[in-house]
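Peer 1: For reference, the chains in residue letters:
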Amino acid sequence: MNGVHDMGGTHGHGPIAPEDEKHEPLWHAPWEARMLGITRGMTYPKGFNIDRFRHIRELMPPALYLARSYYDHWYAVCVAALLNGGLATREEIKSGHAAPGSARRNDAARGDQVWQSQKTQGIFTRELTTPPLFAIGQRVRARNINPTGHTRLPRYVRGKLGVVRIHHGGHVFPDTNAHMQGEAPQHLYTVAFSMRELWGADASARDETCVDLWESYLEPA
Amino acid sequence: MNSIHDLGGMHGFGAIEAERDEPPFHEPWEGRAGGILEVMTFPAGFTVDRFRYLRETLRPDLYLTQTYYEQWIYIAEQVLLESGMISPEELARGKARPPKRTDAMRAAAVWSFLHDRTHSGRDLDQKPRFAIGQRVLARSMQPAGHTRLPRYARGKIGSIVSHHGAHVLPDASAHGRGDMPQHLYSVRFAARALWGENAHPRDSVHLDLWESYLEPA
Amino acid sequence: MSQHSHDHDLAHHHDIHAELPSDPALRVKALESLLTEKGLVDPAAIDAWIEIYESKIGPRNGAKVVAKAWVDPAYKQRLLSDGSKAIGELDFLGRQGQHIVAVENTPEVHNLVVCTLCSCYPLSVLGLPPAWYKSAPYRSRAVIDPRGVLKEFGLELPEHVKIRVWDSTAEVRYLVLPERPAGTEHLSEEQLAALVTRDSMIGVGKVSAK
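Residue numbers (our numbering), protein chains in the order written: chain A, 1 to 221; chain B, 222 to 438; chain C, 439 to 648.
Chain A extracted, bound-state conformation (with noise of 0.2 Å):
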C-alpha cells in the first residue's frame, strides 16, 4: 500500500540527530525492552506471520506512525493482532486485565523455546522448480503496481529501470503471505538503479540503490 511508511524519498522529517553509538542505550525507557520480549514471547493468532506483521504496521493511522517511537509501532501491531485475532477486548486491553471468568491459557512460548526459535526461525528461502525468469546483468524495469495492500516494491522504485545484480532463489512472497494467502514463494533478485534513474539529472553520476524485489515486481526492459 502507498502508505506513509513508505518514505524513500521524502523530505520534511528533520535531522537524522543520531546518539553516539557509545553511548546509545539499547532501551530508552525499560518498556522498550519489555515491548521487544512481549513481540518475540507472546501467542499470536493462528497462520499469524512476519509479514502480516509490517502490514499490521502500515495499518497504523499515518499521524501516529508518523508521532510514535518504533517500539511504540510494536505495541500498535501487538494489540491489533491479539484484537483481529480475537485473544483480547478492547475492555481487557485498556484495563490491562483479563475479563473475569475468561480462560486462561497455558501454551504460551517459554523462556528457553524463545531462545530457540530465534535460532531456527525467521528463515524465508523456499525451493522453486520454476527457472528464474531474469539474468545476471539483465536490464529490469519495476512495474508501476499500486496495490492497496501489502508490497515490498516502494514507489520511488516503480516505473524505473535497473539491473539484475543477484539471484536470490525463491522467497516467501510478502504480497500474499501478510494478507494469509500463502508463502507463494517466488524468485529474488537484487537489483541496483543509477541514482540518476530514480531521482532524475540532480542526483548522482556515480551512485546506485539497490533493491530487492520479486519477480512479480520485474518485467524486461
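Hints in this document: simulated from the structure, not taken from any laboratory. Here a beta-carbon is modelled for each residue, glycine too, at the ideal position from N, C-alpha and C. A few of these clues could be false.
[As the list claims (entries may be wrong)] Partial selection, computed: residues in chain C whose CB lies under 8 Å from chain B:
#1 P462
#2 D485
#3 L555
#4 R585
#5 L588
#6 L595
[As the list claims (entries may be wrong)] 30 Å max Cα-Cα, derived DSSO-like pairs, lysine-lysine:
#7 C:K523 x C:K467
#8 C:K467 x C:K502
#9 C:K523 x B:K348
#10 C:K502 x C:K514
#11 C:K648 x C:K506
#12 C:K600 x C:K506
#13 C:K476 x B:K316
#14 A:K46 x A:K119
#15 B:K321 x C:K572
#16 C:K506 x C:K572
#17 C:K476 x C:K523
#18 B:K316 x C:K467
#19 C:K502 x C:K572
#20 B:K321 x C:K506
#21 C:K514 x C:K467
Mind docking chains B and C on chain A? Use the hints.
Peer 2: Relative to chain A, chains B and C alone:
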C-alpha cells in the same frame, strides 16, 4: 519538497467523512484565523507561494493531525518570525512591543481586496516550447524547496491539452527569487500511465505544469 | 536550497511550540491581540472577511453560472471557451478565482476537482472549501481511485463513463459544469440555480431535479 503534503496516490487515510451542511467555520476561532491570514499586513514580497511552502514545513505528524485553520496559525507565526515583524519573545508572551503601525487593511477595503484582479499571469517574450497535443514527460526532480509537480506524476508521460499563458513560477516565488514566469500547460495523464494496468482504461488526471517541469517525450 | 539548511530551519520553527498553548482557540486569541497591538491587523477587517464568506461569497455564485449556461447556449459556449471571461460577466471573479476553467460533464465524461498538494479551490465562485476537500483521505485518493471516492459520495458511474480528475497545481481554478437533470425544462433560471449543489460543481455529485 517531498513532504507529507504531497498526498496524491497515498493509501491509508480512511474514509472521506463529508459533513452535511457544513458551516464555513466550526468554531469562532477558525473565522478569526482565516481572517487574520487574509487581511493582516504581510512582509514586503510575501507571496501565496511562500504561504503554501511554509505550510509544507509543518512537522509531518502535525500536518496530518492539526486542523486546517490551526495550520494557518502556524503559517502566520512563521511569517511573522522569519520576517522579524514579531520577535519570539513577543509571540511567546502574547505581548506587543512598540512601535505600533497604522497601515493595517480597514474593514471597508476587504470587499474590494477579495475582488482584486491581480493574478499570476505575466507577459513573456519567449515562445511556448510545447504544442497542444504534444507528448511530454514530467521530469524526475526532487527539489528540497517548494514545487507544484507532485511525486505521482514525475517520470510519467502525458500530453498537452491547453496552454494557459505564462505564470509566476511557484518554485521561485516561494523562495524570494521573484516571479520568474514560465509557460504553463494543462497536461493530461492517462490513469494507466500514472497507476499501472489495474487503473481504469478510460480515466485520466490533468495537472497544470510549468515548462521547466516538462521535457519532450 | 540545500537539504541541510532546510532541516536547520525546521528545527528552529519547532522550538517555539514548547512555549505556546496547544489549544488553537487560545493561540488565535493571543495572535490577534498581539497583531492588533502592533497595528498589523485591524480586527474590524477580520470581522468583515468572516461576514463576507459566511454570507456573501459562496456556492450560490457558481450555481448562477451553471444555471445561466444551462438556459443560454451562447453563454455556455463562452463559458467553456474562456471561463474567466464568462464568469467575469457575472462579476464573480476575485481572489482564488481569477483564472477559471469550466469543465463540462456529459453522459460520457465526468469531471472531478482536487488539490492534492494543499487546498486550492475556486473561492470566488464556490466560497470556502469544506473540510473534506482539504483532508488527507480526499487529497490522496481522488487521483488514484476516483471511482471509489465517488462511491463514498453515493455516486456510481456506468463503466463506459470516462473520469477526468483535475489536480489544481497552479493558480488555474476548475469549476465543474454539471449535467442539467431531465425534467427541468419548465424551470426558470433562478429555479435551476436553486437545484445546483456545491458538490456537483466539485464533481462529487450530480444535480437532481428535486
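Peer 1: Compare the structure with each hint and give your call.
Peer 2: Quick rundown of the hints versus the structure:
The criterion of a C-beta within 8 Å of any C-beta in chain B is met by P462 (chain C), whose closest approach is roughly 4 Å, and the hint holds. Interface restraint check for D485 (chain C): the shortest CB-CB distance to chain B comes to about 7 Å, inside 8 Å, so the restraint holds. Restraint check, L555 (chain C) versus chain B: the minimum CB separation of about 6 Å is within 8 Å; hint holds. Given hint, R585 (chain C) at the interface with chain B, holds; its Cβ is 7 Å from that chain's nearest Cβ, closer than 8 Å.
Because the beta carbon of L588 (chain C) sits about 10 Å from the nearest beta carbon in chain B, more than 8 Å, this interface hint is broken. The beta carbon of L595 (chain C) is not positioned within 8 Å of any beta carbon in chain B (closest approach about 10 Å), and the interface hint is therefore violated. Proposed proximity of K523 (chain C) and K467 (chain C) is contradicted: the alpha carbons are some 40 Å apart, above 30 Å. Annotation: proposed proximity of K467 (chain C) to K502 (chain C) is violated, straight-line Cα distance about 37 Å (limit 30 Å).
With a C-alpha separation of about 24 Å, the suggested pair K523 (chain C) and K348 (chain B) falls inside the 30 Å cut-off, and the hint holds. Proposed proximity of K502 (chain C) and K514 (chain C) is supported: the alpha carbons are some 12 Å apart, at most 30 Å. With a CA separation close to 18 Å, the supplied pair K648 (chain C) and K506 (chain C) stays within the 30 Å bound. Straight-line distance between C-alpha atoms of K600 (chain C) and K506 (chain C) comes to about 25 Å, which keeps the hinted pair within the 30 Å bound.
Distance hint between K476 (chain C) and K316 (chain B) is fulfilled; the C-alpha atoms sit about 9 Å from each other, no more than 30 Å. Of the pairs offered as hints, the one joining K46 (chain A) and K119 (chain A) holds, with about 21 Å between alpha carbons and a cut-off of 30 Å not exceeded. As the CA atoms of K321 (chain B) and K572 (chain C) are separated by approximately 36 Å, the hinted pair breaks the 30 Å bound. Annotation: proposed proximity of K506 (chain C) to K572 (chain C) holds, straight-line Cα distance about 29 Å (limit 30 Å).
Restraint check for K476 (chain C) and K523 (chain C): the C-alpha separation of about 40 Å exceeds 30 Å, so the hint is violated. Distance restraint check for K316 (chain B) and K467 (chain C): the Cα-Cα separation of roughly 12 Å lies within the 30 Å cut-off, and the hinted pair is therefore satisfied. At roughly 24 Å between alpha-carbon atoms, K502 (chain C) and K572 (chain C) fall within 30 Å of each other, so this suggested pair holds. As the CA atoms of K321 (chain B) and K506 (chain C) are separated by approximately 49 Å, the hinted pair breaks the 30 Å bound.
A distance of roughly 46 Å separates the Cα atoms of K514 (chain C) and K467 (chain C); the hinted pair therefore is violated under the 30 Å criterion.
Taken one by one, the earlier hints fail for this structure at numbers 5, 6, 7, 8, 15, 17, 20, 21, listed in ascending order.
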